[in-house]
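Read off the chains here:
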Amino acid sequence: EAQVTQNPRYLITVTGKKLTVTCSQNMNHEYMSWYRQDPGLGLRQIYYSMNVEVTDKGDVPEGYKVSRKEKRNFPLILESPSPNQTSLYFCASSLRREGEKLFFGSGTQLSVL
Amino acid sequence: SQQGEEDPQALSIQEGENATMNCSYKTSINNLQWYRQNSGRGLVHLILIRSNEREKHSGRLRVTLDTSKKSSSLLITASRAADTASYFCATAPPISGYSTLTFGKGTMLLVSP
Numbered sequence: 001e002a003q004v005t006q007n008p009r010y011l012i013t014v015t016g017k018k019l020t021v022t023c024s025q026n027m028n029h030e031y032m033s034w035y036r037q038d039p040g041l042g043l044r045q046i047y048y049s050m051n052v053e054v055t056d057k058g059d060v061p062e063g064y065k066v067s068r069k070e071k072r073n074f075p076l077i078l079e080s081p082s083p084n085q086t087s088l089y090f091c092a093s094s095l096r097r098e099g100e101k102l103f104f105g106s107g108t109q110l111s112v113l
Numbered sequence: 001s002q003q004g005e006e007d008p009q010a011l012s013i014q015e016g017e018n019a020t021m022n023c024s025y026k027t028s029i030n031n032l033q034w035y036r037q038n039s040g041r042g043l044v045h046l047i048l049i050r051s052n053e054r055e056k057h058s059g060r061l062r063v064t065l066d067t068s069k070k071s072s073s074l075l076i077t078a079s080r081a082a083d084t085a086s087y088f089c090a091t092a093p094p095i096s097g098y099s100t101l102t103f104g105k106g107t108m109l110l111v112s113p
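Protein chains in written order, with my numbering: chain A, 1 to 113; chain B, 1 to 113.
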């Protein structure tokens, strides 16, 4: 089944403790992206990747890192999480480039205490 | 940066009625897409309409696009309780190099049995 898989689904952590949210897609998509969703603010893009080893900042990249060493994986790294990064995070992918329809993961609800 | 803005923010109807949601945007687009999100889950792509198209249908969905007014509407006919969800429009700017899909804040639709 074609899908974008995110893990974990829920994560509670404390300020400053490094964490990684994994994202994997099995559709051979070139484009992958991370969004965060907050009440009243909608979806905002954090980082995106056009292909392996090609990443770029979205609208809200501060406090986040990404890497794209393999085509299928696009992990989101929070090196020193803070409470303002408490949010619902989504990974998404599309076949070639941005502007095509996106396939979303099920989301990761992160709480930073 | 937020491009699309949905209207209304929330809509409550009875099963069998039609639901209409609107999206306005500010700059030129390559295409406009509509997505559905069930409570806290990942977004699901519904339909994509290109800038040279005026209307598109998919099952009970009808999307219109008026580029002169920079607006789009999503009509769900004969709504069902299962249509209860948040609906987002997303715009893709004209293709010139890399581009990013920008989401609005969504319309919450409640369909009561």
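FYI, nobody ran anything at the bench for these hints, they're computed from the structure.
There could be a bad hint or two in this list.
DSS-like cross-link-like pairs, simulated, lysine-lysine; straight-line CA separation at most 25 Å [as the list claims (entries may be wrong)]:
id: 1; chain 1: B; residue 1: Lys70; chain 2: B; residue 2: Lys26
id: 2; chain 1: B; residue 1: Lys26; chain 2: B; residue 2: Lys56
id: 3; chain 1: B; residue 1: Lys105; chain 2: B; residue 2: Lys56
id: 4; chain 1: B; residue 1: Lys26; chain 2: A; residue 2: Lys57
id: 5; chain 1: A; residue 1: Lys101; chain 2: A; residue 2: Lys17
id: 6; chain 1: B; residue 1: Lys70; chain 2: A; residue 2: Lys101
id: 7; chain 1: B; residue 1: Lys56; chain 2: A; residue 2: Lys101
id: 8; chain 1: A; residue 1: Lys18; chain 2: A; residue 2: Lys65
id: 9; chain 1: A; residue 1: Lys57; chain 2: A; residue 2: Lys17
id: 10; chain 1: B; residue 1: Lys26; chain 2: B; residue 2: Lys105
id: 11; chain 1: A; residue 1: Lys57; chain 2: A; residue 2: Lys18
id: 12; chain 1: A; residue 1: Lys71; chain 2: A; residue 2: Lys101
id: 13; chain 1: A; residue 1: Lys101; chain 2: A; residue 2: Lys18
id: 14; chain 1: B; residue 1: Lys26; chain 2: A; residue 2: Lys101
id: 15; chain 1: A; residue 1: Lys57; chain 2: A; residue 2: Lys69
id: 16; chain 1: B; residue 1: Lys105; chain 2: A; residue 2: Lys101
id: 17; chain 1: A; residue 1: Lys57; chain 2: A; residue 2: Lys101
id: 18; chain 1: A; residue 1: Lys69; chain 2: A; residue 2: Lys101
id: 19; chain 1: A; residue 1: Lys101; chain 2: B; residue 2: Lys69
id: 20; chain 1: A; residue 1: Lys17; chain 2: A; residue 2: Lys65
id: 21; chain 1: B; residue 1: Lys105; chain 2: A; residue 2: Lys57
Hints breached by this structure: 5 and 13
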